[in-house]
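Participant: Taking the hints into account, I'd like the entire structure generated from these sequences.
Chains A and B, in that order, give the protein sequences.
Count along the first sequence from 1, add 538, and you get the number used in my numbering.
Count along the second sequence from 1, add 13, and you get the number used in my numbering.
Keep in mind that the hints are not guaranteed to be accurate.
Going by beta-carbon spacing under 7 Å, a handful of chain B positions derived as facing chain A [stated by the list, open to error]:
(1) H44
(2) P60
(3) L102
(4) G121
(5) G134
In case anyone wonders, no lab produced these hints; they're calculated from the structure.
The C-beta atom is built at its ideal place from N, Cα and C for all residues, glycine as well.
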Amino acid sequence: MWDHRDEVAVAGLGYSRLERRSDRSLAALTLEACDAALADAGLRRGDLDGIATSPAMPRYGGRKGVDEGIDVVTPWYLAGLLGVAPAIRWIGSTNGMVTQSVIDGALAISGGLCDHVLVYRALHVPDGRYVNFESAHAVGGDQYLAPYGFSMPPAWAAVALRRYFALHGYDRADFAPYIARNRANAQRNPNAYWRGKTITMEDYLAARMIADPISILDCDIPVDGCCAMILTSTQRARHLRRPPALLTGFAASAHQGAGGTPMNLEDMWDGAKDVARRLWEATGLSPADVDNAQLYDGFSVLVLTWLEGMGFCRDGEGLAFLREGHGDPDGRLPINTGGGALGEGRLHGMTQLAEAVAQVTDRAGERQVPGASRALATISNGLAKSTAFLFSRDG
Amino acid sequence: MKPMPQAACPQRPLPLPDPLSEPFWAAARRHELHMQKCDACGWMAYPPEVACRNCGGAGLGFTPLSGRATLHSWTVLHDPPSPGFRDRLPVILAVVELEEQARLLMSGNLVDIAADALRIGLPLEARFEDVTKDCTLVQFGPAR
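Facilitator: Encoded structure:
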């Protein structure tokens with residue numbers, strides 16, 4: 539088990555508005571989220587002494603924007619904008635997903651490097667199409683994919699979802715109940731981009747295909763916006779405004795998988811199981827202890843591979859579990875209670891972390907799972923850069 | 014002033030070989046499928062890497078493969094993934110599993126077969142598409 543189990547906590551959460559083509563700069567949206575997280579915790583900017591993120595713009599094929607404050611917000615720049623640069627004792631910036639920064643920040647606190655760490659993820663929607671391979675030449679890893687048109691993540695997810703359907707005798711009609719009810723969950727999430735727009739199973743079945751069987755409703759929507767959280771020691775957090783969400787443990791994986799395609803079903807399962815084994819070892823818990831699961835859903839298929847990989851269902855049984863409503867808010871294991879990224883918008887894992895924190899601190903409002911004491915968050919596709927976190931109620 | 018001539022439909026992105034990948038693309042130009050193979054453990058890798066991801070070995074050569082494969086999975090795109098695919102729609106993107114090693118996967122396009130005839134496990138074989146005099150892509154079609 540992790541030596542610092544339950545000793546680090548999330549003390550505050552904050553969101554900016556999540557918008558499409560915002561007329562505010564990414565820097566302005568980031569400040570909005572960070573100030574909201576500080577206010578939530580009952581802290582001031584001057585209390586911060588650590589700051590971390592993964593600042594990269596995830597764009598495939600086209601030019602990746604690198605303009606500070608417009609496309610990206612690095613922690614060095616943000617520390618200056620917050621007026622706290624002289625007080626910052628630890629800065630983390632990772633090429634992995636932002637959830638690696640949560641691990642780094644937790645270790646910085648448990649290691650005594652700093653007292654209050656701001657972890658944030660700011661994402662900007664670039665002009666034009668999000669995925670469009672514009673270059674005449676494909677170099678590096680792209681040379682094995684882009685000449686065939688395999689340059690976009692929805693196509694990578696599509697081959698995994700098709701194989702899942704084919705191996706286990708499902709089709710999109712089996713996914714429709716979950717997709718529609720997940721959108722219903724987003725209606726109870728004030729941060730959700732899709733709040734105010736419900737969908738039906740018929741909408742899902744008629745949705746525009748991006749890469750068959752992945753439709754537009756199987757992909758999270760890119761947004762301009764930011765989500766931020768404040769990490770501190772559990773001891774300090776107990777004196778702050780909100781009840782702390784205790785970080786019971788976490789796990790990360792470097793599972794590489796076969797080459798030749800960025801995502802394949804069997805390696806997504808294997809990687810998720812790798813993460814699961816480490817998480818249960820670190821926490822001393824098991825799937826039966828989890829009250830709600832926030833499973834990464836940048837693409838719908840990932841909910842299935844995490845549900846099965848984490849040990850809640852056997853391989854191939856996850857979609858039946860969802861179809862029968864066992865993942866509903868009143869089901870056996872409420873899943874993505876705020877609508878996940880499919881309902882909230884693309885925040886690269888912050889959605890799952892924030893919802894897990896909200897659930898174990900009774901902050902989830904009308905979507906609260908009554909008495910939820912342990913919440914799981916899993917992030918990414920099970921392959922390298924994937925992480926999982928277990929948050930617990932205090933006391 | 015005369016109107017500018019209409020630009021032809023741009024080409025698909027072409028692979029730019031590097032020292033690691035050149036033996037693979039050179040074999041493709043000869044209409045052969047070669048894969049990197051570890052001297053120490055025999056693990057075959059695609060794409061080629063600087064070290065064996067199975068054992069960490071650095072002795073890596075290339076070996077010819079049969080080109081026989083089965084269909085692992087596929088997707089069909091109706092919108093072009095890049096401008097060069099505008100006149101090639103719908104495009105079938107396939108992941109194939111090569112006969113010589115479990116989970117030795119390759120991405121490519123399927124040729125000479127309709128999307129509604131596809132099923133997982135379908136026997137396939139490598140086909141070589143000469144795109145320019147310097148570039149041949151490895152594609153897959155139904156096994157003959």
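Participant: Look at each hint and say if it fits the structure.
Facilitator: So, going through the hints one by one against the coordinates:
1. Using the Cβ-Cβ criterion of 7 Å, the hint placing H44 of chain B at the interface with chain A is not satisfied: the shortest such distance is roughly 16 Å.
2. The interface hint given for P60 of chain B is met, as the beta carbon of that residue sits about 5 Å from the closest beta carbon of chain A, less than 7 Å.
3. For L102 of chain B, the interface hint is violated, since its Cβ never comes within 7 Å of a Cβ in chain A; the closest pair sits about 10 Å apart.
4. Annotation: interface hint on G121 of chain B holds; nearest CB of chain A at approximately 5 Å, less than 7 Å.
5. Using the Cβ-Cβ criterion of 7 Å, the hint placing G134 of chain B at the interface with chain A is not satisfied: the shortest such distance is roughly 9 Å.
Comparing the model with each earlier hint shows violations of hints 1, 3, 5; every other hint is respected.
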